[in-house]
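Colleague: Sequence:
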Amino acid sequence: MKAVERIPVVQQVVTSLKAYIQEGNVEVGDKLPTEMELCEMLSVGRGTVREATRTLQATGLVEIRPGRGTFVIRTSEPEREDMLRWFAENEVELRDVNEVRLAIEPLGIKLAIQRAKPADIKVLRAIQAKSEEAAGHGDTAQLALCDEQFHTYIVECSHNRLLCSINKQITACLKSFRSKTFRIPNNVENFIPAHAAILDAFERRDPALGERYMIDHLERVDMDLENSKKG
1 MKAVERIPVV QQVVTSLKAY IQEGNVEVGD KLPTEMELCE MLSVGRGTVR
51 EATRTLQATG LVEIRPGRGT FVIRTSEPER EDMLRWFAEN EVELRDVNEV
101 RLAIEPLGIK LAIQRAKPAD IKVLRAIQAK SEEAAGHGDT AQLALCDEQF
151 HTYIVECSHN RLLCSINKQI TACLKSFRSK TFRIPNNVEN FIPAHAAILD
201 AFERRDPALG ERYMIDHLER VDMDLENSKK G
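Residue numbers (the numbering used here): 1 to 231.
These are computed hints drawn from the structure, not numbers from a lab.
Do not rely on the hints blindly, as some may be mistaken.
Here are the simulated DSS-like cross-link-like pairs (lysine-lysine), alpha carbons at most 30 angstroms apart as the crow flies [said to hold, decoys possible]:
1) Lys-130 with Lys-31
2) Lys-31 with Lys-175
3) Lys-130 with Lys-18
4) Lys-122 with Lys-175
5) Lys-31 with Lys-18
6) Lys-117 with Lys-130
7) Lys-18 with Lys-168
8) Lys-110 with Lys-130
9) Lys-175 with Lys-130
10) Lys-110 with Lys-175
11) Lys-110 with Lys-168
12) Lys-117 with Lys-175
13) Lys-18 with Lys-175
14) Lys-122 with Lys-168
15) Lys-122 with Lys-110
16) Lys-168 with Lys-117
17) Lys-130 with Lys-168
18) Lys-168 with Lys-31
Bear in mind that the values here come from a model prediction, so they are computed numbers and not experimental data.
When you get a sec, could you build the whole thing from the sequences and use the hints?
Modeller: And the structure:
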């Protein structure tokens with residue numbers, strides 16, 4: 001017999017919200033119920049709702065507008081042809097972004113490994129564990145969120161304000177890319193071991209190794225982008 005899967009509460013909330021959107025309860029442009037209303041409707045805490053809506057934003061179904069709420073921007077997930085077209089149309093911009101990432105993230109990880117505390121490494125371990133769990137469930141939205149959290153936290157550990165500021169702009173540019181790239185199985189297969197290697201460099205406290213692994217990872221992302229256009 002097949003073992004019973006323990007599905008995380010956040011993933012259950014994501015599934016419920018997706019169904020709510022895709023079953024015609026709302027239209028594009030509509031605002032979802034407030035956090036408190038969703039908490040009552042789903043019998044979960046605000047933190048769970050907040051993470052679930054961020055995950056939905058990563059899929060491209062909703063947009064979170066600070067101070068205003070969460071709005072529906074599409075009622076179905078993109079078809080394969082739409083996704084391939086999007087990669088082709090945005091190739092130049094994505095390559096520009098990745099060139100900047102290759103400039104700042106290797107520096108960021110060198111500083112981060114030098115300055116990170118044991119608690120910081122523990123956070124990165126937790127993000128990696130969530131990534132592996134999401135990969136096991138085929139949860140592409142959670143993978144996108146974990147990828148963003150992993151790279152953002154590394155830059156934050158550098159404690160360099162300018163790097164953090166630049167990274168915020170990069171993160172905003174990568175929202176749509178991250179929501180789509182993990183729908184391609186090979187990209188997931190590349191992402192998990194790459195992050196594991198980067199985490200190992202933190203464990204070893206080896207800045208040079210971390211820099212090398214980050215460069216390898218981002219160069220692989222560039223190759224994945226090229227392959228994503230072809231499907």
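Colleague: For every hint, state whether the structure bears it out.
Modeller: Now for the hints, and whether the structure bears them out:
no.	hint	result
1	Lys-130 with Lys-31	holds (29 angstroms)
2	Lys-31 with Lys-175	holds (20 angstroms)
3	Lys-130 with Lys-18	holds (20 angstroms)
4	Lys-122 with Lys-175	holds (25 angstroms)
5	Lys-31 with Lys-18	holds (14 angstroms)
6	Lys-117 with Lys-130	holds (21 angstroms)
7	Lys-18 with Lys-168	holds (27 angstroms)
8	Lys-110 with Lys-130	holds (24 angstroms)
9	Lys-175 with Lys-130	holds (19 angstroms)
10	Lys-110 with Lys-175	holds (25 angstroms)
11	Lys-110 with Lys-168	holds (19 angstroms)
12	Lys-117 with Lys-175	holds (28 angstroms)
13	Lys-18 with Lys-175	holds (18 angstroms)
14	Lys-122 with Lys-168	holds (23 angstroms)
15	Lys-122 with Lys-110	holds (18 angstroms)
16	Lys-168 with Lys-117	holds (22 angstroms)
17	Lys-130 with Lys-168	holds (22 angstroms)
18	Lys-168 with Lys-31	holds (25 angstroms)
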